[in-house]
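Grab the two chains, each in its own frame, and use the hints to assemble them into the complex.
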Amino acid sequence: MNKARDNILARLRARSTEIPPVELDRGFRSPDWNRQQRIELFCKAMTSVRTEIHRVRASDWADRLAQLVKERKLNNLLYAPNGPLARQIEAAWRNGEALPELVSRTAELDEWKEELFFGIDAAITSTRGGIAEVGALILWPTPQEPRSFSLVPPIHIAVVKADQLHNTFADAIADENWQAGMPTNAVLISGPSKSADIEQTLAYGVHGPVELIVLLIE
Amino acid sequence: MTQKAEFDQRVKQALDNPQLRRNFRVTMDGLMEKRDKAFPDKAFLEELRTIGANIRANALARQPELLEQLEANCTRNGIQVHWAETIEQANRIVLDIMERHHATRMIKGKSMVSEEMQMNHFLEAKGKSCVESDLGEYIIQLDNEAPSHIIAPAIHKSKQEVARLFKAKHPDIPYSEDIDTLTRSARQILRRKFHDAEIGLSGVNFAVAETGTLCLVENEGNGRLCTTVPPVHIAVTGIEKVVEKLADVPPLLKLLTRSATGQHITTYFNMISSPRKPGERDGPKEVHLVLLDNQRSRIYGDSELFDSLRCIRCGACMNHCPVYTRIGGHAYGPPIPGPIGSVIEPQKFGLENFGVLATASTLCGACGEACPVRIPLPKLLHRLRYEQVREDRTGATIGQGSQRSGKEALIWKLWSWIHATPLVYRSATRLASLFRNRIPNRIGPWSQVRTTPRIAPKSLHQLAREEGFKHE
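So the sequences go chain by chain: G and R. If you count by the numbering used here, then the first sequence holds residues 755 to 972, one letter each, in order. If you count by the numbering used here, then the second sequence holds residues 1055 to 1526, one letter each, in order.
Bound conformation, chain R alone (with noise of 0.2 Å):
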């Protein structure tokens, strides 16, 4: 099947489901209020976009540099540094820290990375237990699923389904519909395996540069715990997230809780910048960095696409998008959904196998105008849905020119001929206004949803012209 075909297929299923459907309007628009709300004063919305983009833009045109700095400055205060090109380097890198410890059960804190890895995956496979500590991502992991959004992962979720997923999975626990008795329910389960762990994993949403510190924004305080109680804590984090300065964190920590949820701050924000010093009583002995690129330094290569590595993974382009809040996260395919994941997973996975997502846009401008760091989405996407198609391949992006068809070419082709030569093109609207009225009603895929257009008995040159018009 082609990517096309699957991807109208997951669609077309998403589309079919009207709970899912109701699951993902009814929070989208909550999660568009809480920021709309969060922001009552425009004008300073628009400030604060521009001083995040900025401090963004700034620490990725300083990349390289505020690596190294960042590496320097966690192995000074004590944390491993390890870089991995590719997720089997990551995953691999994971393991073998388990193995020195001879751990077999790790509890995680939610990270977007670790789904991108497919890290639990790989590590059931070597024997490992991997148990989700966030709640949404708890309640996918019961039910074998990828998580649906980015902050809140177990959204296409009712209650009543996690009811029920909570007593297929935990039998001895009474049957519940209350959001509050499930939730305590959770922290009964989980409760034990934060003891237990022997590995802590998290991800990190700022990696500070100047201090080597690592932040955390989180909620439920499962970061806290993932990173605190057991004695080893392992942190992976895309090679973009880094920052300049301390000073850089205070306003777009205020951007990404304001746009994800409407917070003016989460519950908890970590900020961990080493293991556990002597005379103290608590903490991991030993924290890990994985810095993962996997495509991103290849994305860093273009001057266009470079601006999607800005993001902080704040989720607000999809709760804005109206692609996303009719068909959900897990039509899209890759971990992450929406206008963000259209640009970047395409990028990371091949156009090959995932270019059709840049067509999951009705190029609204939505998402443009809510990202906290102004990635011109809309942009982007139009790039992608050209990097696909061109013909010649010069560029970075994986998968270039893959989607290109030779008939959809020669049709474009014959398109720009017509409107470039004028007689060519004055008798082809004379034409198609003469035989208007045998354009048959039913065009294909177009009218299937949609009346079909009429041609307009005269033409907009015409019309000038009777109008007396001389210069059009």
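Bound conformation, chain G alone (with noise of 0.2 Å):
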């Protein structure tokens, strides 16, 4: 379809009068808050979209992992076995009772598709990050942590550090200059799957995870 591609930028570029670039300011002024104040919007906006968020500490995080699945009486719960999480929640798991199952796959999607889609309760992944201002987590999946882990299995539980909140998504941008390479696929995550296509009536749990929870590592 190249006759196509070359007809249409002919006649973009047919236009008689060039147009002139208007001077772009991006509104790009990062908030003044602190570590506190970013960790307090990040936490009341994710609730405010029905987000579960517990505030825990790096030593003990995977233990409240496991008294929240169990909690629920999961099944099972999917994790990353060479992922960076991985280390902490075996060893929650070597020490608690009457846990979910762990499940490892580390085949191609296309190999365990069914699996993923009608048998696994849930998953959970690290994050790249969170942003403040509207509160989102931020996902580069990784070939340990694929993407279908945050959006197949009804519940997602997510790990995020407070040191690693931004502002807002522009600073996100800026800071860590994603410009300069984007991941296969990024995605930000707001809270559970939701939608109001019903008489504008929210409701939560569409196709994407039903359950979102938030382990916020401060």
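Be aware that a few hints might be false.
Among the chain G residues that face chain R by a calculated CB cut under 8 Å, a handful are [what the hints assert, rightly or not]:
1. Ala758
2. Arg759
3. Asn761
4. Arg767
5. Val776
6. Arg901
7. Ile943
8. Ser944
9. Gly945
10. Ser947
11. Gln954
Here are some chain R residues the structure puts well away from chain G; computed CB gaps all over 12 Å [unchecked claim]:
12. Glu1169
13. Gln1172
14. Gly1266
15. Ser1327
16. Phe1403
17. Leu1477
18. Arg1496
19. Leu1514
What the hints contain is simulated information worked out from the structure, not anything from laboratory work. By construction, the Cβ of each residue, glycine as well, lies at the ideal position given by its N, Cα and C atoms.
Now the structure itself:
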């Protein structure tokens, strides 16, 4: 369809009058928030869209995780055995009793799609950080923690470090220089899946996770 | 039937349906209120609107270069870029991709461009199955309808209507009018469809030239599923969606979600930059981007109408439109309703077919004030009213001058001659005052819903003279 391409570009370039570019201010002024304010804002915004937040310590978050999944009487929990959370999860499971089965799958999705769609209760992933202003998690999925982990199972549990909270989305892009190289898929997640398509009435748990649980390490 | 008669008929149908009017009234009031609450600081809102308008205007100013940059960066990332001048070409590109993969099952995320392409219709005729997965789109697909709002496609339906529809199409699911239950039913039904689909289709909210990234705004997770689970992802978008930098995205996203539904951010904001890379364990192995022109480059050629290409499809103009709120989306006809639709769609489908939509406005200005990227909608509606009756057909709009009527033109010529000739004007107003009681009470359609206006006994000129004004 190179002909289509050439025709379209030629028509666009045929514009008789030059359009002057306008002075562009992208409104990039980062708010003056400290760490504690970021944490409060993040928790408030995420809670307002029904995300369950647990403020935890670096030393004991995995115990809290074990407790949460036990309370929910889950059958299993999907995790990444070679991911950044594996060591602590495995340690907590060694010490815990009557915990859901830890599921580790390192094959390509295509080989266990049926199980992922219909046999997994919950999955846990790390995150790249969060955005305080709007209350969102930043996920850049990796080969260890594929993107379907945070998407397909009915419960997604995410671990985010308070030190990795940015003030705004614009800050996150600028601070980490995202434009230098974007991953295959980056996603911001602010809560469990929802829809207001029927009578503009909010209903949770449409196609993505029904529950989003965040463990915020302070 | 003329386009006007057809439009009048659709409007009458809508106005005669109290349920429909209630649905729209309640929803639009709610959406206006949500937007208002999302922007508590009005000075900030105005500043942000200016930023958004400038970002979009600059992207359009450099559109050909940015499209080439987008293509180069997508290609480098492994995304296959296709160009389509017409919807036929775009549909053919999608079909070819499906056939190359021997695919018959497509799962779709919400895409207004695919509505514009009538893609489902085209692919189904070729034996393909296309399942809409956005809850609203799924509902209207079950009922063979088109969206009635660009962000709330099934808003014309009440929960009872949805419940009856689900029962009719899925008799095995227990009847329920509970919205949570209906939503969960859709989840159950569509889960298998996501699992089985061979092709995932999505639209694009912003295409970032700098990085070759396709951004997708959504709440349900169906956008993520469509672009993650099937082995092939096809994204379709209009060429105007390109923006220059990744840093352009945060302000536009802020404007889009707050203007649309009053959300500070949607549940999911996807940034897709490549197909699955070696070592990665999920994600589509192929990603295609279809860039559709369909008259956009023609609109681009007009220095005024060009502003309509800034649109980020938030729907705020329709939420705030007194006409849309009363007649709903279906009365308009083309895929995009409301003020922005009345500007864009006649330019795509021709003034001879949809020019009448430019009259579906009171020119109250609410749309222009709500627009997050400051598209001067009332001015453009005005311009299209002129375009369809103008005598010289020197512009680029399709169907230009097609609605010109000799009789009407003659009346206006006479009108302007009277007003430009003082002697005639004075005699005419004197005569009108003199015979003011002879004007009939009913003057055609005007007096069907209005009181017939009465001419004053004395003209303003006369009153002013009596008051002693020398220079009026």
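Do the hints match the structure? See the list:
1. Ala758: holds (4 Å)
2. Arg759: At about 4 Å, which falls below the 8 Å cut-off, the nearest Cβ of chain R leaves the hint on Arg759(G) intact, so it holds.
3. Asn761: Holds - the Cβ of Asn761(G) comes within 8 Å of chain R, reaching about 6 Å at its closest.
4. Arg767: holds (5 Å)
5. Val776: With a closest approach of 5 Å, the Val776(G) hint holds.
6. Arg901: holds (5 Å)
7. Ile943: holds (6 Å)
8. Ser944: holds (5 Å)
9. Gly945: holds (5 Å)
10. Ser947: Because about 4 Å separates Ser947(G) from the closest Cβ in chain R, which is inside the 8 Å limit, the hint holds.
11. Gln954: holds (5 Å)
12. Glu1169: holds (15 Å)
13. Gln1172: holds (19 Å)
14. Gly1266: Label violated. Min Cβ-Cβ 8 Å, cutoff 12 Å.
15. Ser1327: violated (4 Å)
16. Phe1403: Non-interface label on Phe1403(R) holds, nearest chain G Cβ at 18 Å vs cutoff 12 Å.
17. Leu1477: Answer for Leu1477(R): holds, closest chain G Cβ roughly 43 Å.
18. Arg1496: Correct as stated: the minimum Cβ-Cβ distance to chain G is 42 Å, above 12 Å.
19. Leu1514: holds (42 Å)
The structure does not agree with the numbered hints 14, 15 stated previously, though it agrees with the rest.
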